[in-house]
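Undergrad: Protein chains in written order, with this note's numbering: chain A, 1 to 281; chain B, 1 to 281; chain C, 1 to 281.
Hints listed in this document are in silico derivations from the structure and should not be mistaken for laboratory results.
Some clues are possibly wrong.
Stated by the list, open to error - Derived BS3-like pairs (lysine-lysine); straight-line CA-CA distance at most 30 Å:
#1 A/K64 / A/K151
#2 C/K170 / B/K240
#3 A/K170 / B/K170
#4 B/K151 / A/K215
As the list claims (entries may be wrong) - Stretch by stretch, here's where chain B covers chain C in the computed footprint (C-beta under 8 Å, at least three residues):
#5 156-162
#6 199-208
#7 216-229
Cβ coordinates follow ideal geometry from the N, Cα and C atoms, glycine included.
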Amino acid sequence: PTAWGRAPLQPPSPLLAPCHAFSNNKILVELDESSGVATMKFKSPPVNSLNLDFLTEFCISLEKLENDRACRGVILTSAIPKIFSSGLDITEMCGKSTEHYAEFWRAVQEMWLRMYSSNMVTVAAVNGSSPAGGCLIALTCDYRIMAENPKFSIGLNEAQLGIVAPFWFKDTFVNTVGHRVAERSLQLGSLYPAPDAHRFGLVDELVPEEKLQEKAAAVMAQWLALPDHARQLTKSMMRKAVLDRLVAHREEDIQNFISFISKESIQKSLRTYMEMLKKKK
Amino acid sequence: PTAWGRAPLQPPSPLLAPCHAFSNNKILVELDESSGVATMKFKSPPVNSLNLDFLTEFCISLEKLENDRACRGVILTSAIPKIFSSGLDITEMCGKSTEHYAEFWRAVQEMWLRMYSSNMVTVAAVNGSSPAGGCLIALTCDYRIMAENPKFSIGLNEAQLGIVAPFWFKDTFVNTVGHRVAERSLQLGSLYPAPDAHRFGLVDELVPEEKLQEKAAAVMAQWLALPDHARQLTKSMMRKAVLDRLVAHREEDIQNFISFISKESIQKSLRTYMEMLKKKK
Amino acid sequence: PTAWGRAPLQPPSPLLAPCHAFSNNKILVELDESSGVATMKFKSPPVNSLNLDFLTEFCISLEKLENDRACRGVILTSAIPKIFSSGLDITEMCGKSTEHYAEFWRAVQEMWLRMYSSNMVTVAAVNGSSPAGGCLIALTCDYRIMAENPKFSIGLNEAQLGIVAPFWFKDTFVNTVGHRVAERSLQLGSLYPAPDAHRFGLVDELVPEEKLQEKAAAVMAQWLALPDHARQLTKSMMRKAVLDRLVAHREEDIQNFISFISKESIQKSLRTYMEMLKKKK
Numbered sequence: 001p002t003a004w005g006r007a008p009l010q011p012p013s014p015l016l017a018p019c020h021a022f023s024n025n026k027i028l029v030e031l032d033e034s035s036g037v038a039t040m041k042f043k044s045p046p047v048n049s050l051n052l053d054f055l056t057e058f059c060i061s062l063e064k065l066e067n068d069r070a071c072r073g074v075i076l077t078s079a080i081p082k083i084f085s086s087g088l089d090i091t092e093m094c095g096k097s098t099e100h101y102a103e104f105w106r107a108v109q110e111m112w113l114r115m116y117s118s119n120m121v122t123v124a125a126v127n128g129s130s131p132a133g134g135c136l137i138a139l140t141c142d143y144r145i146m147a148e149n150p151k152f153s154i155g156l157n158e159a160q161l162g163i164v165a166p167f168w169f170k171d172t173f174v175n176t177v178g179h180r181v182a183e184r185s186l187q188l189g190s191l192y193p194a195p196d197a198h199r200f201g202l203v204d205e206l207v208p209e210e211k212l213q214e215k216a217a218a219v220m221a222q223w224l225a226l227p228d229h230a231r232q233l234t235k236s237m238m239r240k241a242v243l244d245r246l247v248a249h250r251e252e253d254i255q256n257f258i259s260f261i262s263k264e265s266i267q268k269s270l271r272t273y274m275e276m277l278k279k280k281k
Numbered sequence: 001p002t003a004w005g006r007a008p009l010q011p012p013s014p015l016l017a018p019c020h021a022f023s024n025n026k027i028l029v030e031l032d033e034s035s036g037v038a039t040m041k042f043k044s045p046p047v048n049s050l051n052l053d054f055l056t057e058f059c060i061s062l063e064k065l066e067n068d069r070a071c072r073g074v075i076l077t078s079a080i081p082k083i084f085s086s087g088l089d090i091t092e093m094c095g096k097s098t099e100h101y102a103e104f105w106r107a108v109q110e111m112w113l114r115m116y117s118s119n120m121v122t123v124a125a126v127n128g129s130s131p132a133g134g135c136l137i138a139l140t141c142d143y144r145i146m147a148e149n150p151k152f153s154i155g156l157n158e159a160q161l162g163i164v165a166p167f168w169f170k171d172t173f174v175n176t177v178g179h180r181v182a183e184r185s186l187q188l189g190s191l192y193p194a195p196d197a198h199r200f201g202l203v204d205e206l207v208p209e210e211k212l213q214e215k216a217a218a219v220m221a222q223w224l225a226l227p228d229h230a231r232q233l234t235k236s237m238m239r240k241a242v243l244d245r246l247v248a249h250r251e252e253d254i255q256n257f258i259s260f261i262s263k264e265s266i267q268k269s270l271r272t273y274m275e276m277l278k279k280k281k
Numbered sequence: 001p002t003a004w005g006r007a008p009l010q011p012p013s014p015l016l017a018p019c020h021a022f023s024n025n026k027i028l029v030e031l032d033e034s035s036g037v038a039t040m041k042f043k044s045p046p047v048n049s050l051n052l053d054f055l056t057e058f059c060i061s062l063e064k065l066e067n068d069r070a071c072r073g074v075i076l077t078s079a080i081p082k083i084f085s086s087g088l089d090i091t092e093m094c095g096k097s098t099e100h101y102a103e104f105w106r107a108v109q110e111m112w113l114r115m116y117s118s119n120m121v122t123v124a125a126v127n128g129s130s131p132a133g134g135c136l137i138a139l140t141c142d143y144r145i146m147a148e149n150p151k152f153s154i155g156l157n158e159a160q161l162g163i164v165a166p167f168w169f170k171d172t173f174v175n176t177v178g179h180r181v182a183e184r185s186l187q188l189g190s191l192y193p194a195p196d197a198h199r200f201g202l203v204d205e206l207v208p209e210e211k212l213q214e215k216a217a218a219v220m221a222q223w224l225a226l227p228d229h230a231r232q233l234t235k236s237m238m239r240k241a242v243l244d245r246l247v248a249h250r251e252e253d254i255q256n257f258i259s260f261i262s263k264e265s266i267q268k269s270l271r272t273y274m275e276m277l278k279k280k281k
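This is chain A alone, in the form it adopts within the complex:
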């Protein structure tokens, strides 16, 4: 039984399923046609950071699945041990041109817009740490399951780097954990160990790491038991206000990002942070 007290209605049958896969460099996509469930597995060493190439491949893969009538749901997970995704790639935000910043930020927006409005059922199987943009990807899903390892943490920790999560990160976060937890967590840039993340509602469920994929499949089957049309209209009703807000202010948001990230003080913060990361290795 799942956390919702209901047995999955359509148990997946991975052994018998006809299956096709396509992969580029950074994400392995597998679609099990018998269940209608795809898996997108991030495999961009060392830490699945969200650079322009990753984001472009992510959006193309997602669009393919969205347009494939055989696909009704997608599970996001990582092929890299201990890390789901480390978030936006800081090298994309450091010492680059204005045009590059604009292109990069548009790709981040695109990823969020596609995921948050996806017609498919989206489940995050968070099998490692997931700060900042990594957390955002999980937040866009319909359901979040995390490995119950307290060494894995998740959160929107932008403030710790001296930067500010944009309003649509914030809106997504508030929709998930409520205003108060979001206000406190965003100001402190909190990264929560898995048990705390579960307690604050940042993830829906914890399971032992070895059961994570099996649980994700079971949850997916439960969601797919619902008629697609009613589920999709309901999802859209819940998320439309927040989606519309970015769509209405998309160019403005890009300009804000560029002018913020171009500040010498911010560039300096990011360089310091990157050097700290290098020393950690």
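Please build the complex by placing chains B and C on the supplied structure of chain A, with the hints as guidance.
TA: Positioned in the frame of chain A, the structure of chains B and C alone reads:
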């Protein structure tokens, strides 16, 4: 003591109270003039489904009480064992004329508008299962007490039937359980057993079934201890935005309902569901 | 370790710190320049009620600190045993002129606007009961720690006095505890003993009274470990909508207050309440 840690300030005195009652076919209404508390007891077998007759009688009864200066609060409960209300009557939505759909939907809106904006203190004593529209009635009240029987369930399960809860069902739900629980529950069409409903904030309190009416009277007395005027203005301040939204879009919402429910695919879903219910008997 | 599972990053060093203080009549302000943390200690016997003099001094002190580059955070606490603040001074609302009501209400608004939008980190060390306006002050802070004495209570209990909390009290409350808890608590005028206040999210943490100041300093150090600029922008993003709403309707809100408080029925309620308080002594 109630769940709020405060003893009721005006213990009701049911034995001594002068009392008058009026009843039509589907709802028994009793007003205890000494306490100012009315009880509306649903008695429309087999399952208190909300058909046009029920809704009309409900609104007339409510209006009478609202205009009766002797009445300050109303307790909603059921005279049918094991069921509070089964929600909107599907026969009203199947194979009927456009005019009928419009009349029916207007009556559903009217019930919600009157309950959610009532000047009286409204307490739901949920003594049985309460899916869909039955849950909505409970959600419009100021306080919800449910019999702690895990066989009784409550929730907005419209998605399970292939239909979509309208935006004002959703707004009422979000105001009660928050955005995340609403998003998940509406998409899954979740019906929660009483203990889960309590855990997610869908009901405020659980009591043994035999104590339910007594507890409802105690909670009512606690609410009636507050000055009416300040309480009513506060209630209005909390609910106005959501009420105004339906008032502003009422005709549009009726047209949406008609065009959705008239689709052949939806009609087919509803017929299938009704046949399934018949076989269950 | 704090409730957030993180050790304070900048332990304060109160013994060695150069320190300057300024005090008028009602509030003792001390600034520890080494840590950048000020303390505002309410010392207006008997119950730190928020009269015009107190509010004026409060706003002036706050503005001084806000403009002092040596100050990055402020802890609010009380010098009066068992009471944090008893809230708005009812004598300011009884039998006074329209001009006086306007001046008083503008001062209440000013206090809220300054606190809720403060660039400093604001921590409430609630070392006594804190009804109505006292609770509002705590709600404006970034973090609330309360002495775990169940005899101390906190809440927006305006409805108990027959008056209505204004919309910006309500907005602040909803941002802290969510819509449902706010709706129920404001209608009942609930005062929560410290343990209940903690359970409902009205305060973030409980500590034994003798540890309260030490804990406030530790929490403050944790918040000050974040870069100011990112933290301030994040705070502004979270609170802007609610702040803008009062700014846009400030004069209207003053007129509403005057016309409400000038009603003979309200004046009578307040006089009755004040007499009840006098008899309690």
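Undergrad: Work down the list of hints and note, for each, if the structure agrees.
TA: Against the structure, the hints come out as follows:
This hinted pair does not check out: A/K64 and A/K151 have alpha carbons roughly 35 Å apart, beyond 30 Å. This hinted pair checks out: C/K170 and B/K240 have alpha carbons roughly 13 Å apart, not beyond 30 Å. Under the criterion of a C-alpha separation no larger than 30 Å, the hint pairing A/K170 with B/K170 is consistent with the structure, at around 22 Å. Between B/K151 and A/K215, the direct Cα distance comes to roughly 26 Å. Compliance with the 30 Å bound is thereby established for this hinted pair.
Beta-carbon proximity to chain B at under 8 Å applies to 5 residues in the stretch 156-162 of chain C; the threshold of 3 is reached and the given coverage holds. Judged by the Cβ-Cβ criterion of 8 Å, the stretch 199-208 of chain C is not covered by chain B as claimed, because only 0 of its residues qualify and three are needed. Residue count for the stretch 216-229 of chain C with a Cβ under 8 Å from a Cβ of chain B: 0. That is fewer than the three needed, and the coverage hint is violated.
The structure fails hints 1, 6, 7 (numbered hints given earlier, in ascending order).
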